[in-house]
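Protein chains: 2
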Amino acid sequence: MDTMVGLKRTHSCNDLNKAMNGEAVVLCGWVARRRDHGGLIFIDLRDRSGIVQIVFSSDAYADIFKKAETVRSEYVLCVKGKVGLRSPETVNANVATGEIEIYGEELRILNAAKTPPFYIQDNVDVDELLRLKYRYLDLRRPEMQRNLMLRHHVTKAMRDFFDHNGFVEIETPMLMKSSPEGARDYLVPSRVNPGKFFALPQSPQIFKQILMVAGMERYFQIVRCFRDEDLRADRQPEFTQLDIEMSFLDREEILVMMENMIAYLFKETMKMDIPTPFLRLSYEDAMARYGSDKPDLRFGMELMDISDAVRGSDFKVFETVLANGGQVKAINVKGYSQIPRRELDGLVEYVNIYGAKGLAWICYTAEGIKSPITKFFSEEKVQHILSATNAQEGDLLLIIADKPAVVAAALGQLRLEMARRLNLIDSDALSFLWVVDFPMFEYDEEEKRWTAMHHPFTAPRDEDAALIDTNPGQMKAKAYDMILNGTEIGGGSIRIYNRDLQEKVFKAIGLSKEEAMEKFGYLLEAFEYGTPPHGGIAFGLDRMIMLMAKRSSIRDVIAFPKTQSATDVMTQAPSEVSPAQLKELSIKTDIVLKKPAGK
Amino acid sequence: MDTMVGLKRTHSCNDLNKAMNGEAVVLCGWVARRRDHGGLIFIDLRDRSGIVQIVFSSDAYADIFKKAETVRSEYVLCVKGKVGLRSPETVNANVATGEIEIYGEELRILNAAKTPPFYIQDNVDVDELLRLKYRYLDLRRPEMQRNLMLRHHVTKAMRDFFDHNGFVEIETPMLMKSSPEGARDYLVPSRVNPGKFFALPQSPQIFKQILMVAGMERYFQIVRCFRDEDLRADRQPEFTQLDIEMSFLDREEILVMMENMIAYLFKETMKMDIPTPFLRLSYEDAMARYGSDKPDLRFGMELMDISDAVRGSDFKVFETVLANGGQVKAINVKGYSQIPRRELDGLVEYVNIYGAKGLAWICYTAEGIKSPITKFFSEEKVQHILSATNAQEGDLLLIIADKPAVVAAALGQLRLEMARRLNLIDSDALSFLWVVDFPMFEYDEEEKRWTAMHHPFTAPRDEDAALIDTNPGQMKAKAYDMILNGTEIGGGSIRIYNRDLQEKVFKAIGLSKEEAMEKFGYLLEAFEYGTPPHGGIAFGLDRMIMLMAKRSSIRDVIAFPKTQSATDVMTQAPSEVSPAQLKELSIKTDIVLKKPAGK
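Protein sequences appear in the order of chains A and B.
Just remember that our numbering sits 52 ahead of the position in the first sequence, which is counted from 1.
Just remember that our numbering sits 52 ahead of the position in the second sequence, which is counted from 1.
Quick caveat, the hints were computed from the structure, so don't treat them as lab data.
Do not rely on the hints blindly, as some may be mistaken.
A pair holds if it fits inside one copy or across any two, identical chains being indistinguishable in the list.
Stated by the list, open to error - In the DSS-like style, the derived pairs of lysine-lysine whose C-alpha atoms are separated by at most 27 Å in a straight line are: (1) K559 - K166; (2) K185 - K556; (3) K70 - K386; (4) K208 - K319; (5) K185 - K70; (6) K455 - K166; (7) K556 - K346; (8) K323 - K208; (9) K455 - K134; (10) K500 - K635; (11) K528 - K70; (12) K528 - K565; (13) K132 - K118; (14) K166 - K556; (15) K70 - K455; (16) K556 - K635; (17) K565 - K185; (18) K528 - K60.
Working from the sequences, and respecting the hints, build out all of it.
Here's what the structure looks like:
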């Protein structure tokens, strides 16, 4: 192997252009491809910036040519050469540097490479486990490098924005107290305090509130968080959060600040104009019109309540549902009255998944109405249904009758599914909105208790505060979610800043006074030493970058993600550790070790 | 309590000045002090920016005056008022806003406050445990707020610098593989993979090298790291590192890049010019001249070898040391020949701590030489000693004879101690330097094996690489430390990027082939797929900020530090957790729980 001694890299590949014709340059990078042709060796040299073609000629530099003959894919090279123009017929329009090539005059082979297990190029169809095992090769692919660079640019722009707006980035502890409320904590045994454990943060929620008590006024942090959950496709045991908290601002001021932040990010990193303000939709409206608290507004097809239109027919199913406090709602799938019968049957199964026992339909074809249910309705009622749903010839109505929660879930999902099938979603569109006025509590049927819908530090609307003692289910919270294209990318709230109210909320979710003090006593105490009104929000960074990069998995925007079984296949983590390590921590594992892992 | 409804904060306290005379403003903040005087109430309102005086008059707004009478220290207020000029005799030159005051016209009490357990002001003498328990009050003190804001500005400037220089900030995993080499790992039991453990990173060393293999070329990250060590005054179980790695640059290019970074930070955040380049001192020279690999160059008093000058006398102590490969070295404490005898005796005890069995001295007073050892030396030899140490009338020579390592440790510490006692250190000076050419290995007498002086991924100098099989103790590494005022603030190296050499280094430090593969197999394998030459460095952020803020403890620049027993006294972490939590993780603790911690 050679060294770079005496050579200093002058440019990245993509810096080069035809204005530099004749200039001497020194490049470093990887061999993307080598071709030999008529006494010439062509090497596509790739670095982080792009690719450029190097030409070695047997006539000009015989010894260097000889060395170039030994070069193979993914070798690491340092090349000195002169920029030259390609002849018109050899210009490569697919590459940014396609008008030029470099005539190699000096070649250093900095390292050799074995043949990689997959091609280092975009859109390559490789098993993801193989990609993760050889992540260092996967990350050499231009699209992965672009993803990581986008992530860098976005977080840089975030920090510029917050710094400019008077926010201070403050680091909060990773080794903190375990107080599992929602998800499971990752625990860290303490050696110095045997029998005791730290927890890794699920979020810095309490610390950021403590920072408001401490008078820091405007805090943000881009911070790692941890949740020991069973993993879904878009979850990771460790994830990154943009965490924000501010004092003395009301809800509306916070929402505007965050809209400006988002607009700034897209402008700075993607040159896109995001119109503000975003739509604010109440939770109630979102559930009623889209059957979801994270509605995708890139298309219409809203849910419509036809309970009044259908009421009083001979159709027992609808009548029973309505008599029991249920509702009948429909979506109008415009222009799809010719839906195959087979597909309709499939849709019935589809809505079953979301708890709906049945699906009714009305096809308004040129030949008239086709439907299994219209025979139960008078002509007048059928007209009512058609006009209530704005149905016209060619349209398809899909109808679900059930309890409101089931109608919302099933018809909301059906709306998304039909939009996908009919290709109604513009994948280039960016549809932001706020969902606001969430219920304060949800009733957990299993545990037979109220749980906080956001988290127990969320403040109720002022007008609802008094309901805490009498009717918590009726309370609305000062909570807000930011939604992008049907995905929640951020959520936050105005916080409680008063000990008495905080204690009542803990009580409402079933924490005894002792438990509340054990877990959150220091926060309750802090509230009594001059706590300003405050509120904040947290954004899921991985998901935000994923949407910006138009990827379908957050694993594509994380340098070293874990698999769905929470393992790192490259380094083989987690792993067994030595008995000595466990002994020092005063813990034992229930599992019998198959082999000791070194000393 | 009131709300801010209808009021919108217009300024921070420190924004106000006499040019705004007559302007209406809305301020929010905490009551730093209230005084009542002749029908007026004066409130010093404090926010993150500073303090301003508010005046409420019983004549002008009787109801507001009444409300102001209820206000006490640390109450949270929102005040609307008009800026007015103070009369010349009431101007307060100690406060930035001392020329003005605000005539209060509207007062909202946003929250009350109990009397804090200590005063919220600078330079207050409070037990640190109390400060940590009420950290939210401690952090309200202006000096603590300044420290956290400095930290924010420094990390912001770092990110600006690295972004501008083509570095990409990339997040590496926190849940990684345990491979304890130096310090103890913090472990995290895996629930999904029972019996297996993650480790929290001691540094992202291997991941950043993998990112170089992945072609990212220039990486940085400001990242939390963890070491489960017994804590000294300036250590924390979790600490923050500025972590950097780059490809295709040689040592000198890396040092220059880092000097530029430091100069940029000090210029941006403290308006100070740091001269570059920094001095480069070899490890050998640093040890010889200062007895330390992190010399404080804010003063002279170098160690001088007087072995040749003293050799061949009747003084048995020196002769024996020299005969056994030891050395005799001195420092010249200029102008301190009148040192009290008592203090000299204390110095003997002082050097004992560092392993020196004795301390000789020569006082060159106006009355002549005073010394317990000169009687063993000829007149000529005494003159030799004086000239070799550049001693003049009034000087004090302190002399240690021992093995080189002991002389360095004891005389190096004595040099620092004498400088402190004689107040030779300019606390405003900033003395940066590089120590380079460290030995590759140190011999661990206890474990009877070589250990890596930096870490086992450090490359040897090219000319020394061949010694790995024959004489590892003679090898010098391409390692470098950045020293500021006698403290190591950063350390790094050019890395090995070749599997064969890396395996030999693992072998040299006593790792078997199997252990090396078990722990670092993926890195060894990665080296074979086209690894560029690369190197990097890591800076201890906490310590760097501490030095910039002129604090003596890193706890003063960390928002929520742990105590020396690795606990958080505010939140009471670590804590006992529920048996159910442990069971889910398939672990048991050896310690009997005193009480279950909730459900």
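Outcome of the hint check:
Taking identical chains as interchangeable, the C-alpha atoms of K559 and K166 lie at most 27 Å apart only when they sit on different chains, with a minimum of 24 Å there against 63 Å within one chain. Only between protomers do K185 and K556 lie at most 27 Å apart by alpha-carbon distance; the minimum there is 25 Å, versus 50 Å within a single protomer. When the C-alpha separation of K70 and K386 is checked against a cutoff of 27 Å, the pair qualifies neither within a copy, at 53 Å, nor between copies, at 66 Å. Taking the closest pair of Cα atoms, K208 and K319 come within 27 Å of each other both inside a single copy (13 Å) and across two copies (20 Å).
Neither within a single protomer nor between protomers do K185 and K70 lie at most 27 Å apart by alpha-carbon distance, with minima of 40 Å and 65 Å respectively. For the homomeric pair K455 and K166, neither the shortest alpha-carbon distance inside one copy (62 Å) nor that between copies (50 Å) is at most 27 Å. When the C-alpha separation of K556 and K346 is checked against a cutoff of 27 Å, the pair qualifies neither within a copy, at 29 Å, nor between copies, at 57 Å. In this homomeric assembly, K323 and K208 come within 27 Å of each other (Cα to Cα) both inside a single copy, at 15 Å, and across copies, at 23 Å.
In this assembly of identical chains, K455 and K134 lie within 27 Å of each other by CA distance neither inside one copy nor across copies; the values are 74 Å within and 58 Å between. In this homomeric assembly, K500 and K635 come within 27 Å of each other (Cα to Cα) only across copies, at 24 Å, whereas the closest approach inside a single copy is 41 Å. In this homomeric assembly, K528 and K70 never come within 27 Å of each other (Cα to Cα): the closest approach is 63 Å inside a single copy and 45 Å across copies. Within a single copy, K528 and K565 get their C-alpha atoms as close as 24 Å, which meets the 27 Å cut-off; across copies the closest is 63 Å, which misses it.
In this homomeric assembly, K132 and K118 come within 27 Å of each other (Cα to Cα) only inside a single copy, at 16 Å, whereas the closest approach across copies is 82 Å. Proximity of K166 to K556 under the C-alpha cut-off of 27 Å is restricted to the inter-copy arrangement: shortest distance 20 Å between copies versus 65 Å within a copy. In this homomeric assembly, K70 and K455 never come within 27 Å of each other (Cα to Cα): the closest approach is 68 Å inside a single copy and 65 Å across copies. Taking the closest pair of Cα atoms, K556 and K635 never come within 27 Å of each other, the shortest separation being 43 Å inside a single copy and 32 Å across copies.
Taking identical chains as interchangeable, the C-alpha atoms of K565 and K185 lie at most 27 Å apart only when they sit on different chains, with a minimum of 21 Å there against 49 Å within one chain. Taking the closest pair of Cα atoms, K528 and K60 come within 27 Å of each other only across two copies (24 Å); inside a single copy the shortest separation is 64 Å, beyond that limit.
Checked against the numbered hints listed earlier, the structure breaks hints 3, 5, 6, 7, 9, 11, 15, 16; every other hint is satisfied.
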